[in-house]
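Protein chains in written order, with numbering that gives the first Met the number 0: chain A, 0 to 221; chain B, 0 to 1001; chain C, 0 to 101; chain D, 0 to 421.
Take the hints with a grain of salt, since some may be wrong.
Unchecked claim - Simulated crosslink set (DSSO-like; lysine-lysine; CA at most 30 Å straight-line):
(1) B/858 x B/705
(2) D/58 x B/142
(3) B/131 x D/35
(4) D/58 x B/382
(5) B/697 x B/913
(6) D/273 x B/572
(7) B/107 x D/273
Honestly, the hints are just simulated from the structure, not real lab data.
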Amino acid sequence: MSEIIEDKATTNTVSASVNAAVSIESPLHYFLGKFSGMAQAKKGAVGLVVEEAGLRGHLNLRGNPQSELFTAGVEQVLGVTLPLSPGTFETNGDNSIYWLGPNEWLLIVPGGSEGRTETALRQAISGHIAIVDISGGQTLINLSGEAVATVLKKSSGYDFHPRHFGPGRCVQTTLAKATALVSKKADGSFDLVIRRSFADYLASWLLDAGREFGCRIETGQR
Amino acid sequence: MLTRRIDRGADNGKPIYFRFNGKRYQGRQGDTLAAALLANGVDIVGRSFKYGRPRGIVGHGAEEPNAIVQISHGSQTVPNLRATQVELYEGLEANSVSGWPSVDFDIKGSLGLLGGLMPPGFYYKTFMGSKKIWEFSEPWIRKAAGLGRAPVEADPDVYDKLNQHCDVLVVGAGPAGLMAALEAARTGARVIIADEQNEFGGSLLAATQTLDGKPCREWVSQTITELSNFNNVELLPRSTVFGYYDHNFLAILERRTDHLGPVATTGVRQRLHRVRARQVVLATGAIERPLVFANNDVPGVMLASSVSTYVNRYGVAPGNKLVLFTTNDGAYQTAIDWHSAGREVVAVVDTRHNPKGEWVDYARKLGIDILDGYGVIEARGGKRVKAALVAPLNREGSAVTGPPQTLSCDLLASSGGWSPAIHLSSHTGAKPVWSDDVVGFLPGESKQKERSAGAANGTYSLLGCLQEGARAGAEAAQQAGFGTDTSQLPLPKFTELQEQPQQALFLVPHSKRTSRAPKQFVDFQLDVTAAGIELAAREGYESVEHVKRYTAMGFGTDQGKLGNINGMAILSKALGQGIPETGTTIFRPSYTPTTFGAIAGRDVKELFDPERYTAMHRWHVENGAAFENVGQWKRPWYFPKPGETMHDAVNRECLAVRNSVGILDASTLGKIDIQGPDAAEFITRIYTNAYLKLAPGKCRYGVMLKEDGMIFDDGVTACLGENHYLMFTTTGGAAGVLAWLELWQQTEWPELEVYFTSVTDHWTTATVTGPNARKVIEKVCQDVDLSNDSFKFMDWRDGTVADVKARIFRISFTGELSFEVNVPAHYGRYIWEKLIEAGREFDITPYGTETMHVLRAEKGFIIVGQDTDGSMTPQDMNMDWVVGKKKAFSFIGKRSLERSDTVRENRKQFVGLKPLNEKEVLPEGAQIVNDPNQAIPMDMQGHVTSSYYSANLGHSFALAVVKGGLNRMGEVVHCPLADGRNIAAEIVSSVFYDPKGDRQNV
Amino acid sequence: MLEIYCPYCRETREEEEFSYSGEAHIARPPEPEAQSDEQWGDYLFFRKNPRGLHHEMWYHQTGCRRYFNVTRDTVSYQILESYPMGENPTVTTVANQTGDAR
Amino acid sequence: MKLPSAKARYSGLSLIKNALSYHENWQRAWRNPKPKTDYDVVIVGGGGHGLATAYYLAKEHGITNVAVVEKGYLGGGNTARNTTIIRSNYLWDEAAHLYELAMKLWEGLSQELNFNVMFSQRGVLNLGHNLQDMRDIERRVNANRLNGIDGEVLTPSQIKDIVPLLNTSPDCRYPVLGASWQPRGGTARHDAVAWGYARGADALGVDLIQQTEVTGIRRQNGTVIGVETTQGFIGARKVACVTAGNSGVMAAMAGLRLPLESRPLQALVSEPLKPCLDTVVMSNAVHGYISQSDKGDLVIGAGTDAYNGYGQRGSFHVIEHTLQAICELFPAFSRVRMNRQWGGIVDTCPDACPVISKTSVDGLYFNCGWGTGGFKATPGSGFVFADTVANDRPHPLAAPFSLDRFSSGALIDEHGAAGVAH
């Protein structure tokens, strides 16, 4: 057939822009445009800080965890061990891998490196795998502050108590009437990975939940 | 007359002013509204439901049936609160919910005669001579019923929820609950202890006992301090555990600001705690049972324990001269408390003959008169009790054995023993068990991970409660994985009097038989009497459920907390059987009424349901789009220019697309990335047509059926490369289709190697469509050969659009030359604006879903869910061409297409309709008949699924499903409308525009 | 309100995370065309609906997106086991069960 | 035995008369007989449908040698647990005709039974919140009118006139775009329906046997000969099962299967309030329906649980969701309080329509699968089922509801078009 596209590799990563003038918007840009930095402080206190760490590279990875070639290949490319225990994640600061399911992981890499990462992964691993760039479809927000545990309790039925959910744990669960991948970082704060189309709703929800403690929403560093 | 306040010196709370039925009163800090009303000598707080009889305060907590009040006014009014549970605050306004014209003088009540005409079930027996009579009577019946008034303004308050997890939940913070919580906390278990009252302590708050030589209250506050010091314990006062659901899920309503009054309501008014508890201790206490005697509803007749509570806890003496009527030792406490408060105890009337024991001796020692073997058979008095009529009873308490005598009094307290508060255990489905020893129902065998302790378990001695609580706490913690199951804490030291057995007595005999005696009330709120229950039984309503429903017993806001056991006992006697044979009580949530707003939580108003936005949403808002709700998505419906109606805007948008170029935000379509060696095989099994030969760079339209053969979704699937596909779904179908694919792969064909990933949110889609579409794309995309020869209809290409790597699909939902530009959503708005910029010279027109609908309808393209309804096959939709009959695998739904009903000739089929009057637009949903003049019921042939005016065609048109429609081209059918019009239309092909499909191929 | 153990996440999670997918262990007939209308109707619509032990499928919709099986008592709602697709239940009888045993 | 046909009629006069004798002389509403050894028809299930079947068997077909065998007490199942809504505005002809027959019977039921079932034709509104809702409403109302069923499509302002407390602001999350309105719809006193039919059937000689569970269906050569019960064997030429949620269990006794799934449907009531809602308001899109009883309670219907179950309780989040919908529709009700919640077990067919059918066993009949639509159908269901049993062939209105539709594919899909068929 004549129409076959030149690149046989089935990459669908097209997010790298070639021109710096191209404007790029994180999922929360609209919300932040309306509310950025708004401190709903109660007597000056800020119990909850919501910070978007947008525009990172997000890749969905599927494959067989029993295959050593697969696990070793991923580790070699990312520099992070593929987490095999349910509900855990591994990170080296730049790259993180979250367990999503028995054959499914989320990779978060520095923004702009998702294309390179995908290509490198496709070179390192083979067989029945899937790598899908979903960078545009989600964003990461960090929740910190004294009230964060209460705000999570308001939002999700999952038990985020430190006895049950320590640093290194992650979980995909319901958050308000949407879903999120929630993980706990070593500094005690929580990262949420949420879907783009639900971002405004969830930001409104979190702000509303944090109102009684005083809260601030802002853009983090890229 | 003595004042109703007992001076407690330094413990007297500060004065608080409030209003009741318009009159200003003074209460004290710490009072409930009921306590303050009693202190002010307010006897009548309401009128009874059916007979309008004056009613006073009976109890002191959740059991109160009479003192139902409306608090506050305007948007913050709350109907139907119990005065016994309303904490007093400055400026509180309360009103009775019954009584007309006022509670002190009530018309219904003064017509005593009516009582006789209103036995249980009277309304089933009358008002039905004709339909008219009932239609006339019902509004009056409704008006007479009901308690408080619903607010008429939106609720200004905020409610929220906390999802809690704990190892041990202790319900009730009386002696048993406090011990249980302490024991469990000590093991390190996560503990929550909740109590409905404003302070912890339960019965200890009104007890005169000393523990370790100190007043009870001191032991309570010491224990609370100890509990608060654990960081693994959460204390929830003012928190009612109102429901116990499956898998140890319990719901708690915490009242956070109600006690401060509406002015103070700045935070969360009420909070719902949704608790998953590993183990539960139910230390919910017990509710005292009143005795049923004639006129036992006269104000001034109260529960014995309530009298004690008002005296000891609130410093209020609700009268001067007390007659205490009891069947048990425990109630003697009330006479003793009254005596200690310096008031007159006229007599203790004890139904037992020669009661002996420590309590009786103690009372005698204090000089209290005891009439044993007697019963109060009737209360005397109108608006306040004036006397008790007492008479000797036989040993069984079943008959009056001598002439009655009158004891003058203004307060008549009664105790028929206690009913354990087994409500929560009953919610779990545990069947309550009758105990002759306790004279009450005990919690049944546990169905969940719970145990009861203390009075809730029928254990009434303080020592027993403390011991049982401690044991339960330790056991619960141990079963949740903490500590050992033996209690470790020392119990306080104290002495208590030992109780002798009580007498099981419910209905006190009268010298007249029940049907003729003055009313003996069982359920105060709903005016259910002993005679009513006996009558129900006589009429054949023998099951306890029948009796409850026929008499309405237990259906009040107190849910029969005082009356149900008495009622069951009276029924048992009427039927000549025991209480266990008569039945058990089945309680359902809520334990006490629970605010709707709190159950709804924060998921109201703008947070009621997520609003989903595309990456271009801000642009749409800024450019004046009118939005349509499509599922949770907000989609631009049309883009009106100043002064335009919807009709104008849609016509303009439609013409622009057909004549030049338009642009649509199509980002909401579901998109699923499919990878794996068996991807093509899998898709071929799911869709009706074949995908095995679809080459990379190509797209194909498919229809998905449920296994019953009915259309479920449709969309285009593109082959991205070897073993790699991208499937588009309908906007509404995205999540359902992904689950559907996963279902078949994971459950039926795990051997097929294929992975699915949702990329709906990743890609933003801008559809550029119209004869000038190519010219627009050419301006921003240089690295793709856009010519028709090399980039054909139903192809896709990767390229760069305005410096962003994009994927372009040449697929069309308008029938025009179309390019669907997909970019990662971060670039969505940027690309959208760039495309509009590029299209400016062609007057590129943004359009919304309405124009999209019109344009696709002109082409006869279906919308699943609008043109189909779950009962349409591809053949019905004239889409036989999409069904691959030669596929090796019997695709999902195929077999169902061959059933006798699905191959039927005259099924409804998808056709076009052209109204004979070209300007008349058929309403969508109009029904189609052959003959509009036929008699009703008419023989309906089908209905209009889509209908529009087409600016391009210059006439109106519609899509419809019509019985056998595909063979009826040219026939005229009719749509008789509700407004009397009849619109005639000709059956035509469903493709109105460019039937050969040339325009999309240019 | 159920708490369901997901054999893949190896945790007990709230009911809200899952969606129910009907009776388990209903195999699609290998040759649908060879089925009579009655047999096919049976496969499509007729279910055990027992009062008691029920083997059923659940989808961990907002979790790991895996389907798995659960053995549940439809009267007490007690969940007796969760097990992956392709495996057989280990709990198949319960005392006092009534209902259809197909 | 004195047949209660001599039963004194209820009236205002009889109330006065009995009041004078302290209500000591009221007759039993129905007898409490011992089962006979043999009946022409045994009806299993003493709910509204079963009792109505017995009543119409006796009244319309002269078959009075009938027993109704009930394992608990009369009307104790779904009859006692529903939200009492009555309407007949169903989409499809088959369903519409059946429910309209019921509606016509409702309209004269209190008079016919001499028992006030408090049928209150206060109207039923079905709200539309999006464009597709409005298309469906238009379609249904048009179909109803051409089927002779009253119906109108109302605008938001017309709705506001009927329900002043409803939030018709265009700014809310799911604004009300319009509604269908059936003025003849309304509510009835659910328990009274069972009791009225029971008293009526008893008066015609039917034996109502309570606290007796059917434990088996005895057959001989493929024909029914009676039922095993906890009171022993009761012979019967015909056995008619009307056991709602337990139908699957009954069918299994005869070696049959039914296309049913049983699930709890939840409902709740508020505390009694002065009249504030004069009609029935239903909303499929935001999922809640509400009316106010004569006693003053707001009666609110929630959804069914998503999974099968026989526990007469349900998942709490179903209630939460429903009350969110109610607060969305009626922001003023947010401060009103839930007094009681419960669940009833509904048996639902794949097409949300009932099964009224003969079976492959001679003399065995089933009437089940009413799902969430059972109460409103009570008189019609009993009427056509009695006819089906009496004549051993489907009543014309019952014919489309035979079991064979599940193999032919002739489903009557009220799911898709009418939404939730409450």
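Each hint tested on the structure:
{"no.": "1", "hint": "B/858 x B/705", "result": "holds, 26 Å"}
{"no.": "2", "hint": "D/58 x B/142", "result": "violated, 37 Å"}
{"no.": "3", "hint": "B/131 x D/35", "result": "violated, 42 Å"}
{"no.": "4", "hint": "D/58 x B/382", "result": "violated, 53 Å"}
{"no.": "5", "hint": "B/697 x B/913", "result": "violated, 36 Å"}
{"no.": "6", "hint": "D/273 x B/572", "result": "violated, 36 Å"}
{"no.": "7", "hint": "B/107 x D/273", "result": "holds, 17 Å"}
The structure fails hints 2, 3, 4, 5 and 6 (numbered hints given earlier, in ascending order).
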